[in-house]
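Enquirer: Each chain, letter by letter, is given below.
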Amino acid sequence: MGLQTVIDLIGSTVIFGWLFLITITANGANKEDFQTNQGELLCQQNLVELTKLLEYDFRKIGFCKEPNRLPNPTLAILLADSTRIKFLTDLDLDGSGPDGFPDSLYYYLGPPGVAGAGNNPRVCILYRVVNDQPAAGSNLGVTNFKLTYYDRFNNVIPVPVSQANLQSIFSIQISMSVENTIASALAETSPQNTQYQSAFWQQRRLSSRNYQNR
Amino acid sequence: MGKQALLMVIGYSLIFLMSGAMMSNGTVDAFNNAMNYYEGNIVRDIAISGANMGANYIFVNRPLMNSNPWWNGWVTPIKLNGGTFTVTMDSVQDNYGNWGRIRMTTTAHYGDSTCVVTVLFHPSQFSKFCMYAGAMTGVYFEPSDSVFGPCHIESTLNYGNPSGGTMAGGAYFGGKVTTKSGIAALTNPAMLPTFAQGREDGVSIPLSLNTAQLVTEAAGNLFSGGELWVTLKDDSVAWKRSKTGAVTTQAISQIAPNGVLAIDKGTLYIQGEVSTRLTVASLRTSGSTGGTVIVKDNVTYKTDPRVDPLCHAMLGVVGYGSISIDTTAAHNNFTVQGSMYSQTDGIQVVNYNTRPRGNLYVLGGWIGTQIYATSNGTTAGLPVNVTYDERFRVDAPPYFPGTNGYEILAWYE
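Protein chains in written order, with numbering that gives the first Met the number 0: chain H, 0 to 213; chain A, 0 to 412.
Derived by calculation from the structure, the hints in this document are not laboratory data.
Glycine included, C-beta positions come from ideal geometry on N, C-alpha and C.
Do not rely on the hints blindly, as some may be mistaken.
So the derived label-pair ranges between C-beta atoms look like this [to be verified]: (1) H:153 x A:191: 14 to 22 Å; (2) A:12 x H:8: 41 to 49 Å; (3) H:91 x A:186: 48 to 56 Å; (4) A:272 x H:68: 24 to 32 Å; (5) A:249 x H:202: 55 to 63 Å; (6) A:63 x H:172: 39 to 47 Å; (7) H:202 x A:108: 21 to 29 Å; (8) A:89 x H:68: 36 to 44 Å; (9) H:145 x A:89: 38 to 46 Å.
Please construct the entire structure, taking both the sequences and the accompanying hints into account.
Expert: If you want it as structure tokens, here you go:
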């Protein structure tokens, strides 16, 4: 083996090592980006699903297919606080449409750090309770759920809204943040630098048509 | 460049292309997710816009009212904001089998999304008001007054403060208030009323008594001229044609099969307790006399609808002229449960400034052209306490005078 061959071997080894390191680094970065993107996607999908559900329910506050059973929609809100609300509406319970009987619907935010909610300590469960059924809530990464109530003149109503003021509620601002329940790639290499993708949604003034129409 | 180097370049390119595609897929999915939400919002907005346009058409053209033709909606898709919508109309019955309600269905399409908004309308009736006044000539709402229900003043809503009265706050209106000509202070100083559910000026809803319809619904049992003394007894009425006349007792379903008991060009005296739906009316189809109502004693429901959800009794007291709360030696306090409507006058308390002090409790509505004083403010008369019957928001006594318009009962989206 001549000198030239030795130089070729050394050179090719260095170049191979260099390319190999590039590949490893690129793969790591790619993996992290991919996980981050997937985390963001998951986060956004969770937020959209929650948003659709909230908008679907909140727009029906005070609705009843048979109006005689709920003549005054402005009395439909039974409880209003910054992270919980209970109201009357006519739900489609069996898939055949509203049945004409008012149902109560109760949304409330559970405490953070519940068991089974992943490793994100800020995640809470947003519970949805229909009538007197057991509370149901899925872990979609809600970290903030805030309700702000406004009267007809756009004044903020202090929370918790007193019984006397419930009828004054005219519109509701809903703010919600969603984070991933499990940290993305950085947690593997740096547990102190965990990264949770987050998304924020706000409905500035949601007002059900039913409690405006009389 | 050797063959191996070429293969290596191709290999690396493939690896980066694949990873780029994976990253791109994630981004596209996120974009699709956002677009899906956006599309849902757009199609819902189109449906709501279509429903608003349809509702406006109904409010303006009032199908089937005053001989107006029926409206079939917009069955040909209308383009709006990149999508389309259609509006279909159905005539539906109310809970008592009467036609007149309208169900309007708006269907919107945008991209692959569809949204349906269903709105239920019914003919609006004056019983929906807790208080209605055609005019407030010389009278005003003072700080101690409160109205817990919808209120309309077909002129200017006057407010003020009686001489020597306290003014911790103005009059309180718990329901929505509409006026034709705004509000005005009749005293100086005066406290502005509180309008908890807002106030809307420039709204005109003139009284409208459809005498012909009530005559039609009273049918062959319409009394004419003189007096008609009616004592309500559960689901029956005991009636006589004069104070000392012979009493005849009949089931309401027999004497008023359509729910209307009426006298034309005479005076109606009313008292008693009712357990069914009934409108008693004193009309004036012609001439210049008759059409008045005198409440001789308490007029109540058999059970209180505020505590008895099964109470279906609903009473309307309609007069072309005045409705008077008579004096009686038996008691000072009066209770009237039902909606009272006076086309040309108002509700008055006989001898309001000399009769013994008591109270007038009304559960229902107080509707008239004029508002009168019911007490002298200190020692005599009947201060009024009007409580709104919440059922009147969506229901009314049979053939109670209508406002010649529609209103929305339920909005489903």
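Enquirer: Quick one: are residue 202 of chain H and residue 108 of chain A within 21 to 29 Å, going by C-beta?
Expert: holds, 24 Å
Enquirer: Given a hint of 39 to 47 Å, does the C-beta separation of residue 63 of chain A and residue 172 of chain H actually sit inside it?
Expert: For residue 63 of chain A and residue 172 of chain H the Cβ distance comes to about 41 Å; the hint holds.
Enquirer: Does 36 to 44 Å hold as the CB distance between residue 89 of chain A and residue 68 of chain H, or does it fail?
Expert: Violated: the Cβ-Cβ distance is about 21 Å, outside 36 to 44 Å.
Enquirer: I want to verify a distance hint. Is the separation of the beta carbons of residue 249 of chain A and residue 202 of chain H within 55 to 63 Å?
Expert: For residue 202 of chain H against residue 249 of chain A, whose Cβ atoms are near 58 Å apart, the range 55 to 63 Å holds.
Enquirer: Starting from the range 24 to 32 Å, see whether the pair residue 272 of chain A and residue 68 of chain H falls in it by beta-carbon distance.
Expert: holds, 25 Å
Enquirer: At the C-beta level, are residue 153 of chain H and residue 191 of chain A separated by a distance inside 14 to 22 Å?
Expert: holds, 18 Å
Enquirer: Given a hint of 38 to 46 Å, does the C-beta separation of residue 145 of chain H and residue 89 of chain A actually sit inside it?
Expert: Taking Cβ atoms as reference, residue 145 of chain H and residue 89 of chain A lie about 41 Å apart, which means the hint holds.
Enquirer: 41 to 49 Å was suggested as the range; check whether the CB atoms of residue 12 of chain A and residue 8 of chain H agree with it.
Expert: With a Cβ separation near 27 Å, residue 12 of chain A and residue 8 of chain H fall outside 41 to 49 Å, so the hint is violated.
Enquirer: Does the beta carbon distance between residue 91 of chain H and residue 186 of chain A stay inside 48 to 56 Å, or does it fall outside?
Expert: Because 54 Å falls inside the window, the suggested range holds.
Going down the numbered hints, you'll see the structure goes against 2, 8, while the others check out.
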